[in-house]
Amino acid sequence: MTVYALVDCNNFYVSCERLFQPALCGVPVVVLSNNDGCIVARSAEAKALGIAMGTPLFKVRELLRRHRVRVFSSNYALYGDISARVMATLEQLAPRVEIYSIDEAFLDISAICAGDAVAVGRRIAATVYRHVGVPVSVGIAPTKTLAKLANNAAKRQPDSGGVVDLRDAAARLRLLEITDVGEVWGVGRRTAEKLRGRGIVSAAQLARLDRATARRYPVTLARTVRELNGVECIAMDDAPAPQRQMVCSRSFARRIDEREALRQAVCEFASRIAARLRRQQQCAGALQVFIRTSAFGDSDRCYANAATAALDTPGNDSRVIMGLATRLFEQLWRGGYAYAKAGVIASDLVAQQRVQPGLFDAVDTPPRSAALMHAIDTINDGGRGRVWFGSQRPERDWFMRRANVSAAYTTRWDSLPLVK
Amino acid sequence: MRVEKIAGGGEFATLELPLFTEAVAAGFPSPAGDYREAGLDLNELCVANPAATYFVRAQGDSMRDVGIFPGDVLVVDRSLQVRHGDVVIVALNGELAVKTLELRPQVRLVAQNSAYAPIVVPEEAQLEIFGVVTNVIHTLRRA
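Chains A and B are the protein sequences, given in the same order. Numbering follows the working numbering, with no gaps: position 251 of the first sequence is 251. Numbering follows the working numbering, with no gaps: position 62 of the second sequence is 62.
By construction, these hints were calculated from the structure, which means they are not laboratory data. Everything numeric in this text was worked out from a predicted model, so none of it was measured. Treat the hints with care, since some could be wrong.
Computed far set for chain A versus chain B, every beta-carbon distance over 10 Å [as the list claims (entries may be wrong)]:
(1) Gly-37
(2) Ala-48
(3) Tyr-79
(4) Glu-232
(5) Arg-250
(6) Lys-420
Partial selection, computed: residues in chain B whose CB lies under 8 Å from chain A [stated by the list, open to error]:
(7) Leu-45
(8) Asn-49
(9) Phe-55
(10) Gln-59
(11) Arg-83
Positions of the beta carbon are idealized from the N, C-alpha and C atoms, including for glycine.
All chains, full assembly: derive it from the sequences and hints.
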C-alpha cells in the first residue's frame, strides 16, 4: 500500500514575509493579489478577524486599519525562491516528491515510514522549518484525496501538532463525518451544490455513494469516491506533467483606452512569453490574445474578447510571437472601452528539439534567429539593462500596482535582509 | 605576505570553441585534454546546503572583533545545530541581529565589541535563532 504525505506550507505568503521581519510574528498580516486587488493570504490572526480569502481590498480597508493589520503586495520573487527551497528540502527527505503547487507537494513515504508515519511527518515538518524557516502541515493517507483532507485537518486541529494520519479506517470515518462535501479535493463547486441538493452533505455520505448514482456526475467523481474509501486511483507522477500552456497577463492599475498603449502592452506580454519559452526550450504551437474591461462592472460598457491562431511552425522567436500577437490584437480591438486587463496565452507547447521545420521555411533562418534571440536573452538576463522591440511597451508603473511590496530579500544583492 | 596563485576563479568572458568534434588532422592530441577540470566555485567553499542558506548584510560595528564590518555579507546556514560560541542571526526586539551565542554558564547574546553589553536571555524566554553564520564576505576594494 502506498503511503502519501501531502506537505502544505501554512499561510505560505505570510510565512515568507515573516521570515525576515520577526516583528510580523503574532500580529495580523495579509498579502494582496497582483495589482493589490484582493486578499490572497492571511495569517491566523487575520483569519480570526473574519477576513475571508479573496476579499477585495476596498471592502475591508476600514477593518484592516482598525486592527492594524499589516498589508503586503505579492512579492513573487521572494515566494518563488522560498518555494524552491521547500521543494529541494522535501526532495532530500523523501524518495519521491511531486510538486503540486507553489506551496504544496505530495510525497511517497511508503519506503521510509515503516511503523510510525506520524513520526516521519513530524520529522519532515521540523526539518522544513529548521532549514527553510516556513511552517508546514502534513497529511498522511493511503490516497492523495485523503491526504488532502488529512492536511486540512492538521491545519485546523491545534492538538495535531501539524501532522494527521488517516491510514486507520476508524479515524478516517470520524473525519469524513464532520467534513463538508465541498471541501473534498476534486469536487467542484457545481458538483458540490448538486450533491447537497440530493442530501449528500458530508464527505462520509459521498464516500458511501453507489456507482450507479456516481455516474450522474462528472466522471472524476467515481474516482474521488473510491479514493475516499482508501482505494488508490490517482497515482504519483514521477515527473510533473509537462506544462501544456503558458500565460502572461496583468490587470492594469489604470484603465487603458488608447489603441497604441494596449497594443504595446500585448506586445510586452508576447515578448515575455517568448523569452520564457526559450528559457524552457519550448516552442508554442498556438497563441491566444485576450483583452477585457473590468469584470467588477464598475463601468456600464463591458467588452471581453479573445482570439487564437496557430503558428505555421511551433516557435519561440520573439519577432514571430509578437507579430502574431499583434495581428490577433488588431482583430480584437474595439475603441471606446476602458480596458482593465489583457494577456497572451501560448499553448500546444512542444520541446524545441522536436519541432519539425515547415515545408516552406527557409532552412538557414533558424540558426540566425536563435543567435539573435540568444543575444537578446543574454542582455535582458544580465541585469544591466534591457533591449526590446519597437512595438513593445516596457513595464511601467501602470502595469501593476504594488504599493506595499517587501524587498526581494533572497534574489537581489542590493536587497539582502539587514542585521544589526 | 607572499601570495601564490593557486587557481583561477570568478567569471570569464566565454568564447565557445568546438573541442574535438572532428578528427585532429595533424600532430598529437594533448594528453592533458582529457583532464581538464571545471573551475572552482566559491559556493562549494561557503554553501554546504543551498536550500538552507541565506545571505544577510551586516549593519553597525557590534561584531567588529570577530571581523564583521558594516556592509559585509554574512552566509547563514539554518540547517546547523547551534553550539556554544556560534555567531548566530537571532530575532531581537522584532529585528534580526547578529551576535555570538553563549550557552554556558547561562544563555547570553554577546556582541564582539566592548561598547555593547551582553544580553542575558531569561530561561523562560523563547529564543528565535534564525541560523548560524558560517562565513563573512568582506570586500576590500569597493567599487
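To see whether the hints hold, each was checked on the structure:
no. : hint    : verdict
1   : Gly-37  : 29 Å, holds
2   : Ala-48  : 21 Å, holds
3   : Tyr-79  : 15 Å, holds
4   : Glu-232 : 30 Å, holds
5   : Arg-250 : 30 Å, holds
6   : Lys-420 : 5 Å, violated
7   : Leu-45  : 18 Å, violated
8   : Asn-49  : 7 Å, holds
9   : Phe-55  : 5 Å, holds
10  : Gln-59  : 5 Å, holds
11  : Arg-83  : 15 Å, violated
When held up to the earlier numbered hints, the structure conflicts with 6, 7, 11 and fits the remainder.
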